[in-house]
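Novice: Protein chains in written order, with the numbering used here: chain A, 82 to 503; chain B, 82 to 503.
It cannot be assumed that every hint is accurate.
[Stated by the list, open to error] Label pairs and their in silico Cβ distance ranges:
| no. | chain 1 | residue 1 | chain 2 | residue 2 | range |
| --- | --- | --- | --- | --- | --- |
| 1 | B | Asp-398 | A | Lys-277 | 39 to 47 angstroms |
| 2 | B | Asp-423 | A | Ala-227 | 53 to 61 angstroms |
| 3 | A | Gly-478 | B | Glu-271 | 53 to 61 angstroms |
| 4 | A | Lys-397 | B | Ala-227 | 23 to 31 angstroms |
| 5 | A | Gly-478 | B | His-121 | 52 to 60 angstroms |
| 6 | B | Met-237 | A | Val-479 | 14 to 22 angstroms |
These aren't lab readings, by the way, just hints derived from the structure by calculation. Ideal placement from N, C-alpha and C gives every residue a C-beta, glycine not left out.
Given next are the chains, with one letter for each unit.
2 protein chains.
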Amino acid sequence: MIRLYNGKVLALNGDTEIEDKELWIQDSMILYAGPPQTDHPAFDREIDLRGDLVMPGFKNAHAHSAMTFLRSFADDLPLQTWLYDKVFPLEAKLTPDDVYALTKLAILEYLAGGITAAFDMYYKRDAFCQAAIDCGFRMVLNGALAKWDDWSVGEMDTIKYNMLHPLISYIPGIHAEYTASLELLMFMGELVHEHKKPFFTHNSETAKEVEECIERYGLTPTALYEEYGLFDYGGGGFHCTHLSSDDMDIFRRRGLWAVTCPASNAKLASGIAPVAEMMRRGINLAIGTDGPASNNALNMFREMYLVTVLQKIREKDAAVCDAARVLEMACSGGARAMGLPDCDCIAAGKTADLVALDLHRPNMYPVHNTVKNIVYSGSNDNVRMTMVNGKILYEDGVFHVGESAEDIYARAQAVTDRLCRG
Amino acid sequence: MIRLYNGKVLALNGDTEIEDKELWIQDSMILYAGPPQTDHPAFDREIDLRGDLVMPGFKNAHAHSAMTFLRSFADDLPLQTWLYDKVFPLEAKLTPDDVYALTKLAILEYLAGGITAAFDMYYKRDAFCQAAIDCGFRMVLNGALAKWDDWSVGEMDTIKYNMLHPLISYIPGIHAEYTASLELLMFMGELVHEHKKPFFTHNSETAKEVEECIERYGLTPTALYEEYGLFDYGGGGFHCTHLSSDDMDIFRRRGLWAVTCPASNAKLASGIAPVAEMMRRGINLAIGTDGPASNNALNMFREMYLVTVLQKIREKDAAVCDAARVLEMACSGGARAMGLPDCDCIAAGKTADLVALDLHRPNMYPVHNTVKNIVYSGSNDNVRMTMVNGKILYEDGVFHVGESAEDIYARAQAVTDRLCRG
Numbered sequence: 082m083i084r085l086y087n088g089k090v091l092a093l094n095g096d097t098e099i100e101d102k103e104l105w106i107q108d109s110m111i112l113y114a115g116p117p118q119t120d121h122p123a124f125d126r127e128i129d130l131r132g133d134l135v136m137p138g139f140k141n142a143h144a145h146s147a148m149t150f151l152r153s154f155a156d157d158l159p160l161q162t163w164l165y166d167k168v169f170p171l172e173a174k175l176t177p178d179d180v181y182a183l184t185k186l187a188i189l190e191y192l193a194g195g196i197t198a199a200f201d202m203y204y205k206r207d208a209f210c211q212a213a214i215d216c217g218f219r220m221v222l223n224g225a226l227a228k229w230d231d232w233s234v235g236e237m238d239t240i241k242y243n244m245l246h247p248l249i250s251y252i253p254g255i256h257a258e259y260t261a262s263l264e265l266l267m268f269m270g271e272l273v274h275e276h277k278k279p280f281f282t283h284n285s286e287t288a289k290e291v292e293e294c295i296e297r298y299g300l301t302p303t304a305l306y307e308e309y310g311l312f313d314y315g316g317g318g319f320h321c322t323h324l325s326s327d328d329m330d331i332f333r334r335r336g337l338w339a340v341t342c343p344a345s346n347a348k349l350a351s352g353i354a355p356v357a358e359m360m361r362r363g364i365n366l367a368i369g370t371d372g373p374a375s376n377n378a379l380n381m382f383r384e385m386y387l388v389t390v391l392q393k394i395r396e397k398d399a400a401v402c403d404a405a406r407v408l409e410m411a412c413s414g415g416a417r418a419m420g421l422p423d424c425d426c427i428a429a430g431k432t433a434d435l436v437a438l439d440l441h442r443p444n445m446y447p448v449h450n451t452v453k454n455i456v457y458s459g460s461n462d463n464v465r466m467t468m469v470n471g472k473i474l475y476e477d478g479v480f481h482v483g484e485s486a487e488d489i490y491a492r493a494q495a496v497t498d499r500l501c502r503g
Numbered sequence: 082m083i084r085l086y087n088g089k090v091l092a093l094n095g096d097t098e099i100e101d102k103e104l105w106i107q108d109s110m111i112l113y114a115g116p117p118q119t120d121h122p123a124f125d126r127e128i129d130l131r132g133d134l135v136m137p138g139f140k141n142a143h144a145h146s147a148m149t150f151l152r153s154f155a156d157d158l159p160l161q162t163w164l165y166d167k168v169f170p171l172e173a174k175l176t177p178d179d180v181y182a183l184t185k186l187a188i189l190e191y192l193a194g195g196i197t198a199a200f201d202m203y204y205k206r207d208a209f210c211q212a213a214i215d216c217g218f219r220m221v222l223n224g225a226l227a228k229w230d231d232w233s234v235g236e237m238d239t240i241k242y243n244m245l246h247p248l249i250s251y252i253p254g255i256h257a258e259y260t261a262s263l264e265l266l267m268f269m270g271e272l273v274h275e276h277k278k279p280f281f282t283h284n285s286e287t288a289k290e291v292e293e294c295i296e297r298y299g300l301t302p303t304a305l306y307e308e309y310g311l312f313d314y315g316g317g318g319f320h321c322t323h324l325s326s327d328d329m330d331i332f333r334r335r336g337l338w339a340v341t342c343p344a345s346n347a348k349l350a351s352g353i354a355p356v357a358e359m360m361r362r363g364i365n366l367a368i369g370t371d372g373p374a375s376n377n378a379l380n381m382f383r384e385m386y387l388v389t390v391l392q393k394i395r396e397k398d399a400a401v402c403d404a405a406r407v408l409e410m411a412c413s414g415g416a417r418a419m420g421l422p423d424c425d426c427i428a429a430g431k432t433a434d435l436v437a438l439d440l441h442r443p444n445m446y447p448v449h450n451t452v453k454n455i456v457y458s459g460s461n462d463n464v465r466m467t468m469v470n471g472k473i474l475y476e477d478g479v480f481h482v483g484e485s486a487e488d489i490y491a492r493a494q495a496v497t498d499r500l501c502r503g
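With these hints in hand, go ahead and build the complete structure from the sequences.
Specialist: Listed below in structure tokens is the structure:
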């Protein structure tokens with residue numbers, strides 16, 4: 082059992098209060114979260130937090146982790162050009178071993194930034210699951226079927242990846258409307274009904290995507306999915322940059338999750354999502370980095386800051402998009418969007434997916450409001466420790482993922498060299 | 082003499098090439114930058130860079146460092162409300178000792194983020210100079226006169242702070258047009274002519290500032306300053322969020338520096354400066370964080386990222402605002418704007434104001450383009466060492482500024498508690 086003591090806890094259990102508490106972690110579970118107790122069991126390890134803060138880990142609610150190989154490779158291109166001319170041809174060359182090595186690199190970046198789970202849409206699923214399992218990292222897979230795929234995979238994967246390992250789960254989905262067909266939507270409708278599962282996909286990422294969908298079907302992507310019953314068991318959309326008022330009504334009514342990806346949307350010039358408007362309408366929100374090819378970092382501090390300040394620009398109002406709500410989106414919101422209700426807050430009985438933030442750094446002083454300090458000033462150098470499923474995977478700058486960081490870097494670099502320069 | 086060897090150097094001496102070089106630092110100067118030599122003098126310390134990167138330090142070309150006491154205190158308000166209702170009343174209570182303590186906190190944050198100099202506009206100048214001198218940090222003061230000040234101070238300070246200490250220099254200026262009078266502008270005109278000095282001020286930060294100036298004088302702030310001869314010896318403006326085409330012509334013709342502050346402009350909903358347009362027009366550019374009350378971090382990685390992605394949003398074009406140019410703005414551009422031509426690049430004879438970036442972190446892999454990795458993915462946890470004037474002030478997470486970080490934190494917190502809750 083691990084004891085974390087002499088620290089503060091931001092539980093995110095319905096509010097953003099910070100309290101002096103200690104935590105006991107037994108296997109994967111938080112056994113106790115409360116005031117120090119004199120009568121306690123024997124601990125395997127006791128960590129003195131020295132006044133630092135423990136909170137739920139960040140959840141990266143939209144990612145293509147293995148795309149690390151394209152970081153800083155094809156920047157400064159519009160989305161469609163970037164996707165069809167640069168990304169797809171190189172992705173076609175990826176082997177499962179490549180995906181394994183590239184995903185491990187992304188996992189190191191997640192851990193260094195306090196991210197404890199990713200909602201990942203990618204191919205060679207066995208390989209990236211194995212990378213997560215070998216590192217001890219939590220991964221939720223999204224289906225990402227396209228019209229040219231063998232759709233029966235979606236059926237099999239829904240069963241297989243929800244039974245594979247405690248760190249792995251699966252939510253059905255398609256890649257996007259523009260890589261789908263009506264037949265695929267019908268197939269997905271049957272699949273979500275049969276398995277009573279939510280449905281996620283890239284949704285309204287660019288204005289072009291929405292316009293072309295309306296040309297094709299007379300409906301926005303959101304209305305199209307609704308029409309085909311894909312949201313009958315919930316779900317949501319990645320990006321949601323260009324939702325209409327009617328789309329937002331569907332999101333609100335269905336309790337869908339809009340996963341905003343502000344850095345990617347900005348860098349690819351896709352636009353600024355109507356996050357503040359969605360907040361006012363009570364729509365469920367989470368935050369994703371998107372893939373490292375379009376961001377280029379996998380850094381939730383950056384995303385949280387962008388969520389807030391881009392809304393202030395979008396609405397020309399410095400008062401919109403409160404920092405506390407944004408922190409909840411990044412931690413608890415992501416967990417609920419990803420079907421991980423046990424990872425959403427810090428309380429006895431919850432899963433121990435958490436991060437310890439070093440408050441003894443210049444960007445955390447003075448202490449007027451620690452939540453605002455985290456959202457408006459936080460940085461990777463505040464991450465002291467990252468724990469997934471009760472295991473410490475990152476601590477004081479060092480990774481504990483079963484393989485050395487240097488070996489992971491070297492393997493990812495070799496794969497990249499072969500793919501991009503071979 | 083300090084030797085930095087076994088590393089890479091991004092000299093920023095006219096290009097963004099990265100070369101295998103070693104550096105010898107003698108006192109405050111780079112004595113040698115080139116291939117390893119077998120015949121060399123005795124070194125006091127040899128630092129094995131293990132393949133990491135040395136580059137010129139970031140220059141924070143617009144700051145109000147002592148405003149750390151307002152971090153996370155009055156967020157989410159529009160600029161004028163924020164300034165008149167929150168900032169000015171509390172600032173009136175500041176003592177020199179307060180400014181000293183609060184500036185030291187900002188300096189720690191600068192060093193942790195690889196920033197080696199700040200262009201600072203604040204009051205109680207003796208106190209914040211002393212903080213810089215005691216820490217070994219480089220500070221360029223900006224005049225910041227307002228109509229209610231004793232203007233003779235501007236005359237005396239121009240002489241005094243340019244002779245005080247090698248780490249300190251002074252450039253005349255006013256706070257802003259909306260806190261000035263025509264008499265003050267006339268006075269400043271005489272001052273810059275007499276001392277042949279450049280002139281800097283907050284310029285066109287908000288649309289309101291520009292509109293009210295036009296109402297008062299029939300001129301934009303830039304045209305007004307030009308009319309009064311304030312740019313006859315160069316200079317520039319902080320923010321430059323709302324420059325007209327004619328304003329940009331003046332900037333171009335005069336060789337003025339536009340110091341963009343993207344985080345502050347976004348957070349206060351002031352807008353997005355026309356940085357890409359200024360680049361196309363060949364206007365000199367540098368980057369500032371503004372004060373910690375409006376940002377809230379003092380982090381050049383964040384600013385660089387925001388400069389690039391906000392331009393992509395502003396122009397709806399993912400191809401604008403090249404990362405290499407942005408890195409030059411943050412390092413060399415800032416140095417030249419601040420009158421520090423010896424701190425602009427890494428070469429023999431230049432001043433040793435530099436930063437070592439840890440490339441052995443997940444966000445720096447794979448290596449397609451290290452410059453893009455720094456601008457699009459870099460974070461404070463990549464800062465391995467920060468050197469100012471030949472002295473190592475930050476290394477491996479530890480500060481070497483003559484006082485412990487914990488003592489600086491405690492003093493800044495005590496000052497803040499007295500000011501904001503006293």
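Novice: The structure should be examined with respect to each hint, and the outcome stated for every one.
Specialist: Status of each hint after checking the structure:
Checked against the given bound of 39 to 47 angstroms, the beta carbons of B/Asp-398 and A/Lys-277, roughly 44 angstroms apart, stay inside it. In this structure the hint that B/Asp-423 and A/Ala-227 lie 53 to 61 angstroms apart at CB holds, the actual value being about 57 angstroms. Separated by about 55 angstroms at the C-beta atoms, A/Gly-478 and B/Glu-271 satisfy the suggested range of 53 to 61 angstroms. For A/Lys-397 and B/Ala-227, the hinted distance range of 23 to 31 angstroms is satisfied, since their beta carbons lie about 27 angstroms from each other.
With their beta carbons about 32 angstroms apart, A/Gly-478 and B/His-121 fall outside the hinted range of 52 to 60 angstroms. Against the hinted window of 14 to 22 angstroms, the Cβ-Cβ separation of B/Met-237 and A/Val-479 comes to about 53 angstroms, which falls outside the hint.
The structure fails hints 5, 6 (numbered hints given earlier, in ascending order).
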